[in-house]
Amino acid sequence: MAFHSVFLVFLAGLAFFSEAAPPDSADSKHPLFIKILDSVRGSPAQNVPVKLYKEAADGSWQLLNSKQTNDNGEFHELTTKEQFVAGVYKIELDTASYWKRLGLNPFHHHADVVFTANDAGYRHYSIAVLLSPFSYSTTAVVSEPVE
9 MAFHSVFLVF
19 LAGLAFFSEA
29 APPDSADSKH
39 PLFIKILDSV
49 RGSPAQNVPV
59 KLYKEAADGS
69 WQLLNSKQTN
79 DNGEFHELTT
89 KEQFVAGVYK
99 IELDTASYWK
109 RLGLNPFHHH
119 ADVVFTANDA
129 GYRHYSIAVL
139 LSPFSYSTTA
149 VVSEPVE
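In our numbering, the protein residues as written are 9 to 155.
Simulated from the structure, these hints should not be mistaken for lab results.
Where is the CB? At the ideal position from N, CA and C, for every residue including glycine.
Check the hints yourself; a few may be wrong.
[What the hints assert, rightly or not] The list that follows gives simulated cross-link-like pairs (lysine to any residue, SDA-like), each with its CA atoms no further than 25 angstroms apart:
no. : residue 1 : residue 2
1   : 108       : 38
2   : 89        : 143
3   : 62        : 117
4   : 62        : 112
5   : 108       : 126
[Unchecked claim] Beta-carbon label-pair distances, calculated as ranges:
no. : residue 1 : residue 2 : range
6   : 65        : 113       : 37 to 43 angstroms
7   : 88        : 142       : 31 to 37 angstroms
8   : 75        : 122       : 16 to 22 angstroms
9   : 118       : 152       : 17 to 23 angstroms
10  : 143       : 66        : 18 to 24 angstroms
11  : 90        : 111       : 39 to 45 angstroms
12  : 68        : 110       : 20 to 26 angstroms
13  : 110       : 64        : 22 to 28 angstroms
14  : 150       : 48        : 24 to 30 angstroms
15  : 111       : 66        : 36 to 42 angstroms
16  : 108       : 145       : 18 to 24 angstroms
17  : 111       : 151       : 19 to 25 angstroms
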């Protein structure tokens, strides 16, 4: 029951800060925001390696960017508005290296989030991931189409 309460607070917090960026703001150039939380420690998941891929016409995955989360468990600059065209994307989180660095032996080696983006106009995407060594949960807040 406590997990559900924490998860609901997490989702409410995500909805609070995930409104679409104003057109003239710095974040408007970076349409994909990712936040990763560690449910074991109850804190942001720092230094989690993340890769962003776009699906090619032949079904293969083209690597667009590779980074690590910051001290707040976040990414703001995985892609730009110009690069983030309509298509299918995959976010790959290297969860095994994160948990092993903390001295834990996780069940899964990575967590993938695969989604279709911008099929109905350009949008801002906020994706939240809640990690534990044996499971993960994701949610997304997607803005209305923006210019």
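Evaluated hints:
Restraint check for residue 108 and residue 38: the C-alpha separation of about 30 angstroms exceeds 25 angstroms, so the hint is violated. For the proposed pair residue 89 and residue 143, the alpha carbon gap of about 31 angstroms is over 25 angstroms, so the pair is violated. With a C-alpha separation of about 21 angstroms, the suggested pair residue 62 and residue 117 falls inside the 25 angstroms cut-off, and the hint holds. Pair hint residue 62 plus residue 112 does not hold up; C-alpha atoms about 31 angstroms apart against a cutoff of 25 angstroms.
For the suggested pair residue 108 and residue 126, the alpha carbons sit about 35 angstroms apart, so the restraint of at most 25 angstroms is broken. A beta carbon spacing of about 39 angstroms between residue 65 and residue 113 agrees with the range 37 to 43 angstroms that was offered as a hint. Residue 88 and residue 142 have their C-beta atoms about 35 angstroms apart, which keeps the hinted 31 to 37 angstroms range intact. The supplied range of 16 to 22 angstroms is met by residue 75 and residue 122, whose beta-carbon atoms lie about 18 angstroms from each other.
For the hinted restraint 17 to 23 angstroms between residue 118 and residue 152, the CB-CB distance of approximately 31 angstroms leaves it violated. Taken as a hint, the range 18 to 24 angstroms is violated for the pair residue 143 and residue 66, whose Cβ atoms sit roughly 32 angstroms apart. As the Cβ distance of residue 90 to residue 111 is approximately 41 angstroms, the hint placing it in 39 to 45 angstroms holds. With their beta carbons about 33 angstroms apart, residue 68 and residue 110 fall outside the hinted range of 20 to 26 angstroms.
Taken as a hint, the range 22 to 28 angstroms is violated for the pair residue 110 and residue 64, whose Cβ atoms sit roughly 35 angstroms apart. The hint said 24 to 30 angstroms for the Cβ distance between residue 150 and residue 48, and at roughly 28 angstroms that hint holds. Distance hint check: the CB atoms of residue 111 and residue 66 are about 41 angstroms apart, consistent with the given range 36 to 42 angstroms. Distance hint check for residue 108 and residue 145: the Cβ-Cβ separation is about 21 angstroms, which falls inside the suggested range of 18 to 24 angstroms.
Under the hint 19 to 25 angstroms, the C-beta atoms of residue 111 and residue 151, about 39 angstroms apart, miss the expected range.
Hints 1, 2, 4, 5, 9, 10, 12, 13 and 17, counting from the list given before, are not met by this structure.
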